[in-house]
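K.L.:
Sequence:
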Amino acid sequence: MTEKALKTTLEKFGVTKQEAEVYLFLAKRWALKTGQISKQMKKNKGQIYRLLTSLQEKGLVETTLEFPTRYVAVPLERVLSSFIQTKREEVASIERKKEDLLEDWNNINRITLQSQLEKFTVIEGTKKIVHKISQMIKETKNQFSAILTVADLVRGEQFGIFDLAQATQKQSKQRLLVLTEVSNQNLKALKLLKNKLGNKIKFRARNPEGLTACPRLVIRDSRELIFFITRSDQETCLCTNCKSLIQAFSNVFDNMWQNSTTVEEKMNQIETGKLPPSITLIRDSERAKRKYDKLLANAQNEIIIVTSSEGLIKLSKQITELSILNDKTVSTKIMAPINEKNLEASQNLLNVSQVKHIPVSYLETTIIDKKHLFQFKHPHLETGTEASLSFFENLFYTNDKKYIESTWLMLNNIWEKACIPSPATIESIIFPKETQNDDNSSSSAMRNFRKILTFEIEEDNKAGKLTEKDVLNKILKATTAKTEIPKDKSMLFASTGQAIIHPPRYFNLPDIMLHAWHVDNHSTHGGNDSLVIHMSESSPSNSGFIPSAIISNDSSGTKVLSRIFADTPAEKNAQLLSKDEFQVRVHGNTLFAVWTVPLVIKEPNYILPPCCLLLEGVGKVKTGRLAFLYKTGYRNKIEFNALEARVTFYHPSSQYEGPGTDGIFFRDYVGEAYVPEKQ
-10 MTEKALKTTL EKFGVTKQEA EVYLFLAKRW ALKTGQISKQ MKKNKGQIYR
40 LLTSLQEKGL VETTLEFPTR YVAVPLERVL SSFIQTKREE VASIERKKED
90 LLEDWNNINR ITLQSQLEKF TVIEGTKKIV HKISQMIKET KNQFSAILTV
140 ADLVRGEQFG IFDLAQATQK QSKQRLLVLT EVSNQNLKAL KLLKNKLGNK
190 IKFRARNPEG LTACPRLVIR DSRELIFFIT RSDQETCLCT NCKSLIQAFS
240 NVFDNMWQNS TTVEEKMNQI ETGKLPPSIT LIRDSERAKR KYDKLLANAQ
290 NEIIIVTSSE GLIKLSKQIT ELSILNDKTV STKIMAPINE KNLEASQNLL
340 NVSQVKHIPV SYLETTIIDK KHLFQFKHPH LETGTEASLS FFENLFYTND
390 KKYIESTWLM LNNIWEKACI PSPATIESII FPKETQNDDN SSSSAMRNFR
440 KILTFEIEED NKAGKLTEKD VLNKILKATT AKTEIPKDKS MLFASTGQAI
490 IHPPRYFNLP DIMLHAWHVD NHSTHGGNDS LVIHMSESSP SNSGFIPSAI
540 ISNDSSGTKV LSRIFADTPA EKNAQLLSKD EFQVRVHGNT LFAVWTVPLV
590 IKEPNYILPP CCLLLEGVGK VKTGRLAFLY KTGYRNKIEF NALEARVTFY
640 HPSSQYEGPG TDGIFFRDYV GEAYVPEKQ
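In this text, residue positions in the sequence shown follow this note's numbering: the first is -10, and each later residue adds one.
Keep in mind the hints are simulated off the structure, nothing from the lab.
You can take every hint at face value.
Think about it this way: if two alpha-carbon atoms lie no more than 20 Å apart in a straight line, the pair counts; the simulated SDA-like pairs of lysine to any residue are:
| # | residue 1 | residue 2 |
| --- | --- | --- |
| 1 | K117 | S43 |
| 2 | K463 | T612 |
| 3 | K466 | G660 |
| 4 | K127 | T157 |
| 5 | K127 | D152 |
| 6 | K568 | H507 |
| 7 | K366 | V349 |
| 8 | K360 | T269 |
| 9 | K466 | T53 |
| 10 | K34 | H511 |
| 11 | K360 | S320 |
| 12 | K117 | T219 |
With the hints as extra help, turn the sequences into a complete structure.
P.N.:
Next up, the structure:
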């Protein structure tokens, strides 16, 4: 049997592609340490550790008793025999219980089945996801809606999903609506797919201007939702029947469908290179820049600019020109992804214009007085005359009223839902430091937060420099070595993320800070998922984020957090949910938290409906060490690898996206908590 055939066989038994690679690598060698495997396979040590842990749980890898631990591959014969035996036992068990199960089923009151509990499950692995989508297609009575990439569609065709869809359509009146991105890169694959499928499935090309961020999702009859939370070969998705969450994502789909165009029209445009009659392509960059600068300077009423994070920095260097427009009472609205790098630029621009955050990957667009529209196809480069001109190459321009009106409405809708960047970053609030200048708003926000929690932060300068590898090694050691832990000390190994949400008015919520935890099983108190909700409040004596609610799917989570946040509103508002109702998932640099029941922040006015929080870590890893002393007497020393995080908050009323400065993801977190004596 070839190595490729072995991998395929292992994958059929539930082993992922990456796990199969590690197992086969180890099978060719003798016992190896994690570091040796990482070095020889040229993979991240933390990734190798997670794969080995999973292989050990599946019975494919064993460990030696020595320290440091070495890993040995279980012989393939034993692995296959174990898999076969397990499957036989599963079948035999079902056969034995079949009659009893059918009898119990028939005795169940059908009326009680009608009112299903709102819950969710996490599905991992392409085959399991494809199986679930196939099941959804079979059960669709009216409409099956999907936003997927062309690669997703090709994969679905290979698994026979569209054959199933066509067969199902013959027996019902269901509509299958699919939104996808069309580009030069995927044009050939999409043409082949369309020729094979014919007109049975209605495809639309996602907004050709690329003005909307694109989630991947599937919705069945407004009754069931699948939402993809990873963008890798090892797919993971959320599946739920929660009506509020389905409504949130249905709104996303409907909005994108209304602003889409036909696939045929987009394909023809790409193939022929012809633009719609109303759009002019200006190839000469100098001519394009002169036209743009002239129309911008002569603006009378309103300018809307959608730009990149780099573009925002360049705009901040044109303060003089924007100030002149501001003096003429021209309204200038700027939308761009806000991050740590351009936060200062955004704050400077707020003096002469309005600035709001939008997610990455919007096409750069400018509308002047609802009469002129420019769209840019090239990214901003480093400073310099040539770099500046390259941005204007092949510029799209139009003065077509109908085209501009539709684009303006779309941009205005995005503007209404976007948030204003705060001068206080989440890092400055979580890790407040005393500054000499106590008058700036950022340090004021820090002091308020610390005043509410009454904790102190101590930096341990004697411990020496800490590296990303040091933190990973601590986590690895905790899972492989038996260590005695003092009674007054507990260890926490976790991934955790924090996000500040500045809700639009129609959310009917104050600013909130969400702190989500996924605690590993080898922590002192076991594993759990938890969420602490901090609510922004202001009074004559205090203002800032106050711990207001504690959510967990394990009693250990509510118990520990209630002690830490004693004498705050959160202590008396701890809510224990099931894993069907609340979970936090971590995959690579992504954290995903979801709940399917309303969460009480503060009665009676502030209730958080079923929502999803997505944090996507970006940029360079920041490694650090800090110590916290809480007023309850808890002392917590932490070491971490963290990343700035993009925030997406799916609320039933709308999809909210926050800047990178409002989110932080502690991918690798090691905590030592020292319990006060009275506890």
